[in-house]
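Asker: What follows is each chain in one-letter form.
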Amino acid sequence: MIQIDSLHKHYGAVHALDGLTMTVEPGVVFGFLGPNGAGKTTTLRILTGLARPTSGRVVVAGVDLVSDGRTLSRRIGYLPEQPAFYSWMTPRELIDHLGHLHGLTAAERSARTKELLELVNLTEAGKRRIGGFSRGMRQRMGLAAALVHKPEVLLLDEPVSALDPSGRKEVLDLIETLSGQCTILMSSHILADVERVCSVVGIIADGRMIVQSGREALMDRYAQPAFEAEGEDMAAVRRWAEIIKYQKWATAVSLDGDILRVTVSNVHLARTELLASAVAQGVALRRYEEVRPSLEDIFLQLVNKEAAQ
Amino acid sequence: MNFFIVLRKELTEQWRTKKFLIVAAVLVVFGLTSPLLAKFTPDMLKAIPNIPAGVVGMIPTPSVADAVGQYVKNLGEFGVLLALLLSMGVVAQEKERGTAAMMLTHPVSRTSFLLAKFTALGITFAVSLGVAALGCWYYTLLLFEALPWGPFLALNGLILVVFLVYIAVTLLCSTLARTQGAAAGLAFAALVLVAGIGSLPPIAEYFPGRLFSWGATIALGGGDPAWPAFWISLGIIVVALTTACLVFRRQEV
Numbered sequence: 005m006i007q008i009d010s011l012h013k014h015y016g017a018v019h020a021l022d023g024l025t026m027t028v029e030p031g032v033v034f035g036f037l038g039p040n041g042a043g044k045t046t047t048l049r050i051l052t053g054l055a056r057p058t059s060g061r062v063v064v065a066g067v068d069l070v071s072d073g074r075t076l077s078r079r080i081g082y083l084p085e086q087p088a089f090y091s092w093m094t095p096r097e098l099i100d101h102l103g104h105l106h107g108l109t110a111a112e113r114s115a116r117t118k119e120l121l122e123l124v125n126l127t128e129a130g131k132r133r134i135g136g137f138s139r140g141m142r143q144r145m146g147l148a149a150a151l152v153h154k155p156e157v158l159l160l161d162e163p164v165s166a167l168d169p170s171g172r173k174e175v176l177d178l179i180e181t182l183s184g185q186c187t188i189l190m191s192s193h194i195l196a197d198v199e200r201v202c203s204v205v206g207i208i209a210d211g212r213m214i215v216q217s218g219r220e221a222l223m224d225r226y227a228q229p230a231f232e233a234e235g236e237d238m239a240a241v242r243r244w245a246e247i248i249k250y251q252k253w254a255t256a257v258s259l260d261g262d263i264l265r266v267t268v269s270n271v272h273l274a275r276t277e278l279l280a281s282a283v284a285q286g287v288a289l290r291r292y293e294e295v296r297p298s299l300e301d302i303f304l305q306l307v308n309k310e311a312a313q
Numbered sequence: 004m005n006f007f008i009v010l011r012k013e014l015t016e017q018w019r020t021k022k023f024l025i026v027a028a029v030l031v032v033f034g035l036t037s038p039l040l041a042k043f044t045p046d047m048l049k050a051i052p053n054i055p056a057g058v059v060g061m062i063p064t065p066s067v068a069d070a071v072g073q074y075v076k077n078l079g080e081f082g083v084l085l086a087l088l089l090s091m092g093v094v095a096q097e098k099e100r101g102t103a104a105m106m107l108t109h110p111v112s113r114t115s116f117l118l119a120k121f122t123a124l125g126i127t128f129a130v131s132l133g134v135a136a137l138g139c140w141y142y143t144l145l146l147f148e149a150l151p152w153g154p155f156l157a158l159n160g161l162i163l164v165v166f167l168v169y170i171a172v173t174l175l176c177s178t179l180a181r182t183q184g185a186a187a188g189l190a191f192a193a194l195v196l197v198a199g200i201g202s203l204p205p206i207a208e209y210f211p212g213r214l215f216s217w218g219a220t221i222a223l224g225g226g227d228p229a230w231p232a233f234w235i236s237l238g239i240i241v242v243a244l245t246t247a248c249l250v251f252r253r254q255e256v
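Residue numbers (the numbering used here), protein chains in the order written: chain A, 5 to 313; chain B, 4 to 256.
Think of the hints as simulated: they come from the structure by calculation, not from any bench.
Here a beta-carbon is modelled for each residue, glycine too, at the ideal position from N, C-alpha and C.
Partial list, computed: chain A residues near chain B (C-beta under 10 Å):
{"id": "1", "residue": "Ile80"}
{"id": "2", "residue": "Gly81"}
{"id": "3", "residue": "Tyr82"}
{"id": "4", "residue": "Pro84"}
{"id": "5", "residue": "Met93"}
{"id": "6", "residue": "Val152"}
With the hints as constraints, model all of the structure from the sequences given.
Answerer: The structure is reproduced here in structure tokens:
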């Protein structure tokens, strides 16, 4: 649904995108991850036609952006990080206006307005001026505006980064509702959100894609199993940590506050020997568990590795 | 055509944000007060205490020409300033706030986006000028004599052309600028440039400002046409709008 080949975008000496290549298959919710300044927003702006690539090829929903960009707006919906609206308009007027631009009839616009305001939970605010909306309401309004014409591709730039927890939950629930109805490319740096709603993940750093994979496949491929423990006596825990470091199955040992984290290469061996060594050292444990690595661990591992290169 | 949908939105915006009312109010006030000022200024001067008798004798009797002259002078100054103030933010502000990006990711061509703004401003100024002209014509009739309709319409048509020149040039400045502040600076620089060069005697004949004096002579039944200034004014409008469209089509929003 989205095919990007060797995309470059230069702002003077700054290479915002440096040969980005990625593919988004139809129907997936694609999590587009990367640290600040990695090139996520630039990529999305190119995909919407708001910015022009320096070089490279971009095809979105069968439309080649370079040769046939004018028809693109009928196929995509775009929610910027900070959606902006005409403050004098009401949500009803905005959806009606956008529907008109997309060629919907008056009856279709009326039905679509009702449907979308219900979807984004703005029915009661439908006749209020958008200028008085809260950040969360504007975000939901932006999502409704992006969905007016039932786009094939929905591009979301940090859709929840500025929202409070309840606002985040509402918008993420909406995105989950939309999965399967259209292809969604969602940029974010909140990894827990990506982990929750995205089926495919791409990680970008310095304008290049460093890995792209299904979420579970990515976890299986890059996630190293780990154990976490909290002891009652920190001195004993520190002594225990020093001993673990020399075990051949331990790849990393770290202390974060009073939590000891041990990343291991051989989980079966660690299961047998780690707890036994705690008992041998006389460490009294409050908590001990095998933890599932998060997407955040993988993200940091890959981005730090890229930065080191 | 999406141009008309965008134009409808622009006109609604002019109404809701009170821009239309501001333009109409300012132009109508000057339309109504111009004949009044022409008629009563001599009386007010005569009413000044201890004014020498010789000076009173020098104050001319007001005529319809004074009413027309006052009307052209007032609209030439305040109307142009208003055209500048209302147009300078229209594109830069939308780029700055992000509403331009919101609109342009829907099926709105960049040319329609700009031309709808120009057309809406043109309609706002044309309607307001029409009401102002009606007020001026009526008060001139009450205080002096009836101005012939056709020539008075021609005068207002020429005033509108000058307004459109400034709207088009300011729209170009607003397109070139990234921020409202920069757009305002560019627009005032353009105003000073056009007014400054246009006041030099050999060149003034070809500049938009010349349309005011031509219009005044037409309204009073005279001749002295200034077709070069008229065609050059239309040329400035076309060049400014074409340049704005070409620049905007290549601009990253």
